[in-house]
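**Student:** Listed below, chain by chain, are the residues.
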Amino acid sequence: MNPALLVFFALAGLAVLGALSLVVQKHPIHSALSLIVVMVSLAGLYLLMGAEFVAMVQIIVYGGAIMVLFIFVIMLLNAGEEEHTDFSKLAKFAGLPLAFALTASLAALVVKPDASIPAAMQAFIPKATEQISSMLFKEFVYPFELTSFLILVAIMGALVLAQREKK
Amino acid sequence: MVPTNYYLILSAILFGLGAVAFVFKRNIITIFMSIELMLNAVNLAFVAFSQAFGKVEGQVFVLFVIVVAAAEAAVGLGIIILIQRNRQSLNIEKVNLLKL
Amino acid sequence: MISFLQQNAFWIITIVKIALLLFIVLTVNAYLTWFERKVVAHIQSRWGPHRVGPHGLLQPAADGLKFLFKEDPTPAGVDRFVYYLAPFLALALSLTALAVIPFGPDPIPVFGQKIYLWITNPDIGLLVLFAITALSVYGIALAGWASNSKYSLLGGLRSSAQMISYELSLTMSVVGVLLMANSFSLQKIIEAQARPGGWGVLGWNVIGLASGKFPVPQIVGFICFFTSAIAETNRAPFDLPEAESELVAGFHTEYASFKFAMFFIAEYTAMITVSCLATILFFGGWLSPFPASSFWTFTHYIPSITLIPFGLWVIYDGIRYETIFGKLVLPAVGFAMFAIGAVLLAGVWIVPLHTVSEFIQPVFWFTAKILVFLFFYVWARGTLPRLRYDQLMNVGWKLLLPVSIANLILTAGALLLRGAK
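Chains as they are written, first to last, in the working numbering: chain H, 1 to 167; chain D, 1001 to 1100; chain B, 2001 to 2421.
Bound-form chain H, shown alone (with noise of 0.2 Å):
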């Protein structure tokens, strides 16, 4: 039992707990709290695999911009408690147990005893960052071009639709 496996098991514990609790939560403020726990320890479990400018830009992107974004809609559309509906029969008695199934189904797919899957690293990548950096302006210049233009076209997209009407 490692110090590394310790960790993971940790950072692991509280992304379940999050996710759990995006879940269960009536409030989406809640829902939305649930979420930036679990980024913020995916970004610990990126710093655990040694992707330490992945997990900086999950922290700022992700966790900085993207769910502040989620937090102010809820604040400005003054978002309430979920009512409580009745589930369908089906969901009541099967929701759970469906859910499982769909889990352990894609566990299993994934974690095939296959040898082209190397067990473990013993090393994090050296210099990622900069090897990161390198390739988003050699190899992958291209779409990182063409995502500047997605942000650039969404942005005029979110103006447009939250103007109000001109009556």
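Bear in mind the hints are in silico, worked out from the structure with no lab data behind them. Possibly wrong hints are sitting among the right ones.
Cross-link-like lysine to aspartate or glutamate pairs, in silico, DMTMM-like; alpha carbons within 25 Å at most [what the hints assert, rightly or not]:
| # | chain 1 | residue 1 | chain 2 | residue 2 |
| --- | --- | --- | --- | --- |
| 1 | B | K2066 | B | D2390 |
| 2 | D | K1055 | B | D2123 |
| 3 | H | K138 | H | E81 |
| 4 | B | K2150 | H | E145 |
| 5 | B | K2150 | H | E130 |
| 6 | D | K1094 | H | E82 |
| 7 | D | K1055 | H | E130 |
Based on these hints, arrange chains D and B on the given structure of chain H.
**Tutor:** Quick look at chains D and B alone, frame taken from chain H:
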């Protein structure tokens, strides 16, 4: 070190929980957040494979996924604001007619 | 016992460093409030606090006691979890940001272990600071929302919208420095400013005129960075969302004694962090303004030389002070300062004191520069009028963001023309 399988199982669990929330929750914003949770689970799988194979392309793709999720969140939340303005409700069962 | 200490030395040293840093930062926070009240008062032609202890120096202690003993009501109808979480989150994030700031270059050798003057030095130190800045929006947004009050909600929304707008120009204005230093690590950024050939103050990024391969003057970047940082920390002249005469104190209206103190400490700690960051990125961190050649080594005794007259002045002031407590305490403190200064100055002749003096010199310059920036903060508060909210957002999006992007493009172009890789 942590075996790659552990990360993949965690990714599957998070994806499953995101799918469950997507199907069973009623508030549109919570459904949208479950989509983000599913995207995060996929990101985790990408980074786990990137570390397993020692190549950095996985992490570059994670950056692209994050950027696309940001753009999608912006537009999607704009649509949600419009729905709230038109139906005065954030319940997804009130948005089940094609005609206004 | 000794072997246990030696095996876990890393963890024990880190925990002791964290405790020490928290203690120092909280004390500096308390005396920063005293400093601010005194300076703003003198700008407004009045004395600040001057009754509680000599020159009002015990005022922070009195304020702290007040915060502890005041009633702490919770308004009705608040969302309990979020209401209690928000100030805690703000404080925790502000204090965490100090973990990556380096305070000096040389390690202290203790019992064979080298203790560096930082808690951690990751290769992405600057990105960690940006991440914490991005997360600190939550403390304010959630506080505004959880208070179940229209004014708090409006204040919280305005404040968080301001913070996320100025985050953009904050990060853009720093990229010029990153291009020159080739690393996100704060220690390497400082070391990149110690240009070979001993240029001293001219090598700092703000002036950037040294003849090495890389420097491009970053004065525009510095102005954008500092203005965005003042807006980011919600300080005057950008403090419309939280000023007491505007929206009824904004997002922290419904927060009483101890929770308000947590927001307060979070804001002042953010001020200190931003001042540290400004000195590290643009003003050479712990580098002395004098060049590092052998002719200028006598300037290494400047810390000791400044302590001596300062200690003498405190003694002189203490002897003539009004209250008896002041007459006893101030000369004692002044004498202690004088003694330390004289002992350090004796390092010219005595070798072990010489190493202590060499060790103190970078830390002294770092602290002096931080104090200058804190003085700028307080000076701006006392002098400039508040910006209206739409003016504030216009400055953020239409002035600072284009200027910082233009700075980035020009710096990148200049570096490309000089043939840097």
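**Student:** Which of the numbered hints above does this structure break?
**Tutor:** 1, 3, 4, 5
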